[in-house]
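*Asks:* Residue numbers 181 to 339, in this note's numbering, belong to the letters of the sequence shown in order.
If you're looking for bench data, these hints aren't it; they were derived computationally from the structure. Owing to the predicted nature of the structure, the values given are computational and were not obtained by experimental measurement. Where hints are given, some of them may not hold.
As the list claims (entries may be wrong) - Derived DMTMM-like pairs: lysine to aspartate or glutamate, alpha-carbon spacing no greater than 20 Å straight-line:
no., residue 1, residue 2
1, K248, D218
2, K253, E294
3, K248, E237
As the list claims (entries may be wrong) - Pair by pair, the computed Cβ-Cβ distance ranges are:
no., residue 1, residue 2, range
4, S254, N221, 32 to 38 Å
5, A321, N221, 34 to 40 Å
6, P239, K337, 30 to 36 Å
7, I205, Q263, 21 to 27 Å
No residue lacks a Cβ here, since even glycine has one placed at the ideal position from N, Cα and C.
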Amino acid sequence: MKVKIEVLAENMDEARIAEVELEQILSLVASNHDAPSDILNVMSKAKSTGVLMEVAENPNTDLDTLEKLIADKSPEVRAAVAQHPNAITFVWKLATDESPLVRYCLAMNPNFPEHVYQTLAKDENYRVARRAKRTLSRVKAADSLVANIAHFFTARKAS
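My request is simple: use the sequences and hints to build the entire structure.
*Replies:* Below is the structure:
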(Lines of atoms letter the chains of each structure in order from A and count residues from 1; the text may use other names and numbers.)
(Lines give C-alpha, C1' and ligand atoms only; values in the text may rest on other atoms or scores of the structure.)
Protein backbone atom coordinates (compact mmCIF):
# COMPACT_ATOMS: atom_id res chain seq x y z
CA MET A 1 0.00 0.00 0.00
CA LYS A 2 1.50 3.30 -1.07
CA VAL A 3 0.13 6.62 -0.02
CA LYS A 4 1.19 9.78 -1.71
CA ILE A 5 0.15 13.09 -0.29
CA GLU A 6 0.72 16.19 -2.31
CA VAL A 7 0.52 19.59 -0.79
CA LEU A 8 -0.39 22.54 -2.93
CA ALA A 9 1.40 25.43 -1.37
CA GLU A 10 1.96 28.94 -2.55
CA ASN A 11 5.43 28.99 -1.09
CA MET A 12 8.04 26.73 0.50
CA ASP A 13 7.14 27.87 4.03
CA GLU A 14 3.60 26.55 3.61
CA ALA A 15 4.92 23.29 2.17
CA ARG A 16 7.31 22.85 5.09
CA ILE A 17 4.55 23.57 7.62
CA ALA A 18 2.33 20.96 5.93
CA GLU A 19 5.21 18.47 5.99
CA VAL A 20 5.78 19.03 9.72
CA GLU A 21 2.06 18.67 10.42
CA LEU A 22 1.93 15.42 8.44
CA GLU A 23 4.92 14.08 10.39
CA GLN A 24 3.16 14.94 13.66
CA ILE A 25 0.03 13.09 12.54
CA LEU A 26 2.07 10.04 11.53
CA SER A 27 3.87 10.11 14.90
CA LEU A 28 0.54 10.24 16.73
CA VAL A 29 -0.76 7.24 14.77
CA ALA A 30 2.48 5.31 15.31
CA SER A 31 2.40 5.98 19.06
CA ASN A 32 -1.21 4.82 19.40
CA HIS A 33 -1.22 1.48 21.24
CA ASP A 34 -4.38 0.51 19.36
CA ALA A 35 -2.68 0.86 15.97
CA PRO A 36 -2.69 -2.50 14.17
CA SER A 37 0.64 -4.12 13.33
CA ASP A 38 0.01 -3.99 9.57
CA ILE A 39 -0.37 -0.20 9.72
CA LEU A 40 2.78 0.04 11.85
CA ASN A 41 4.60 -2.09 9.29
CA VAL A 42 3.62 0.34 6.52
CA MET A 43 4.68 3.27 8.70
CA SER A 44 8.07 1.63 9.28
CA LYS A 45 8.94 2.68 5.73
CA ALA A 46 8.72 6.37 6.67
CA LYS A 47 11.79 8.56 6.32
CA SER A 48 11.20 10.46 9.54
CA THR A 49 13.34 9.30 12.45
CA GLY A 50 10.62 10.47 14.86
CA VAL A 51 7.95 8.34 13.18
CA LEU A 52 10.28 5.33 13.06
CA MET A 53 11.04 5.72 16.77
CA GLU A 54 7.32 5.73 17.59
CA VAL A 55 6.80 2.60 15.47
CA ALA A 56 9.73 0.90 17.22
CA GLU A 57 8.37 1.69 20.68
CA ASN A 58 4.79 0.63 19.95
CA PRO A 59 4.02 -2.71 21.67
CA ASN A 60 1.89 -3.76 18.66
CA THR A 61 4.84 -3.62 16.28
CA ASP A 62 5.53 -7.15 15.10
CA LEU A 63 8.91 -8.89 15.20
CA ASP A 64 9.46 -8.68 11.42
CA THR A 65 9.05 -4.90 11.54
CA LEU A 66 11.33 -4.61 14.58
CA GLU A 67 13.94 -6.67 12.76
CA LYS A 68 13.88 -4.18 9.87
CA LEU A 69 14.17 -1.27 12.29
CA ILE A 70 17.28 -2.62 14.04
CA ALA A 71 19.01 -2.25 10.69
CA ASP A 72 18.11 1.45 10.47
CA LYS A 73 21.04 3.83 10.12
CA SER A 74 19.74 6.02 12.95
CA PRO A 75 20.96 5.02 16.43
CA GLU A 76 17.84 6.70 17.85
CA VAL A 77 15.61 4.26 15.96
CA ARG A 78 17.69 1.26 17.05
CA ALA A 79 17.61 2.59 20.63
CA ALA A 80 13.82 2.73 20.44
CA VAL A 81 13.80 -0.94 19.40
CA ALA A 82 15.97 -1.69 22.46
CA GLN A 83 13.18 -0.30 24.65
CA HIS A 84 10.47 -2.48 23.06
CA PRO A 85 8.95 -5.18 25.32
CA ASN A 86 9.91 -7.86 22.75
CA ALA A 87 13.50 -6.69 22.31
CA ILE A 88 14.64 -9.95 23.91
CA THR A 89 14.37 -11.49 20.43
CA PHE A 90 17.19 -9.22 19.25
CA VAL A 91 19.01 -8.71 22.54
CA TRP A 92 22.47 -9.89 21.45
CA LYS A 93 22.40 -7.94 18.19
CA LEU A 94 21.44 -4.82 20.14
CA ALA A 95 23.98 -5.55 22.89
CA THR A 96 26.77 -5.44 20.30
CA ASP A 97 25.48 -2.37 18.46
CA GLU A 98 28.19 0.18 17.65
CA SER A 99 26.20 2.96 19.30
CA PRO A 100 26.48 3.39 23.08
CA LEU A 101 22.99 4.95 22.99
CA VAL A 102 21.50 1.67 21.75
CA ARG A 103 23.35 -0.35 24.38
CA TYR A 104 22.36 2.15 27.09
CA CYS A 105 18.67 1.90 26.17
CA LEU A 106 18.99 -1.87 26.16
CA ALA A 107 20.52 -1.71 29.65
CA MET A 108 17.52 0.36 30.81
CA ASN A 109 14.96 -2.21 29.62
CA PRO A 110 13.93 -4.31 32.65
CA ASN A 111 12.60 -7.24 30.60
CA PHE A 112 15.72 -9.38 30.25
CA PRO A 113 17.36 -12.22 32.15
CA GLU A 114 20.14 -11.26 34.57
CA HIS A 115 22.95 -12.51 32.30
CA VAL A 116 22.11 -9.78 29.76
CA TYR A 117 22.75 -7.06 32.36
CA GLN A 118 25.83 -8.88 33.61
CA THR A 119 27.23 -8.79 30.07
CA LEU A 120 26.31 -5.13 29.59
CA ALA A 121 27.86 -4.31 32.99
CA LYS A 122 31.22 -5.09 31.35
CA ASP A 123 30.60 -2.70 28.44
CA GLU A 124 33.50 -0.51 27.32
CA ASN A 125 31.31 2.56 27.78
CA TYR A 126 31.14 3.33 31.49
CA ARG A 127 27.63 4.84 31.24
CA VAL A 128 26.28 1.67 29.64
CA ALA A 129 28.03 -0.46 32.26
CA ARG A 130 26.74 1.71 35.12
CA ARG A 131 23.17 1.66 33.75
CA ALA A 132 23.27 -2.15 33.39
CA LYS A 133 24.44 -2.50 37.01
CA ARG A 134 21.63 -0.24 38.23
CA THR A 135 19.00 -2.11 36.25
CA LEU A 136 20.34 -5.45 37.47
CA SER A 137 20.16 -4.18 41.05
CA ARG A 138 16.55 -3.05 40.56
CA VAL A 139 15.56 -6.31 38.89
CA LYS A 140 17.07 -8.30 41.77
CA ALA A 141 15.31 -6.07 44.32
CA ALA A 142 11.98 -6.53 42.52
CA ASP A 143 12.49 -10.30 42.35
CA SER A 144 13.29 -10.37 46.06
CA LEU A 145 10.20 -8.33 46.87
CA VAL A 146 8.00 -10.67 44.82
CA ALA A 147 9.54 -13.67 46.60
CA ASN A 148 8.90 -12.08 50.01
CA ILE A 149 5.28 -11.31 49.12
CA ALA A 150 4.76 -14.85 47.84
CA HIS A 151 6.30 -16.24 51.03
CA PHE A 152 4.07 -14.01 53.17
CA PHE A 153 0.89 -15.19 51.46
CA THR A 154 2.01 -18.83 51.46
CA ALA A 155 2.80 -18.68 55.20
CA ARG A 156 -0.47 -16.88 55.90
CA LYS A 157 -2.45 -19.45 53.93
CA ALA A 158 -0.80 -22.31 55.84
CA SER A 159 -1.76 -20.89 59.24
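*Asks:* Can you name, in rising order, the numbers of the hints this structure does not satisfy?
*Replies:* 2 and 4
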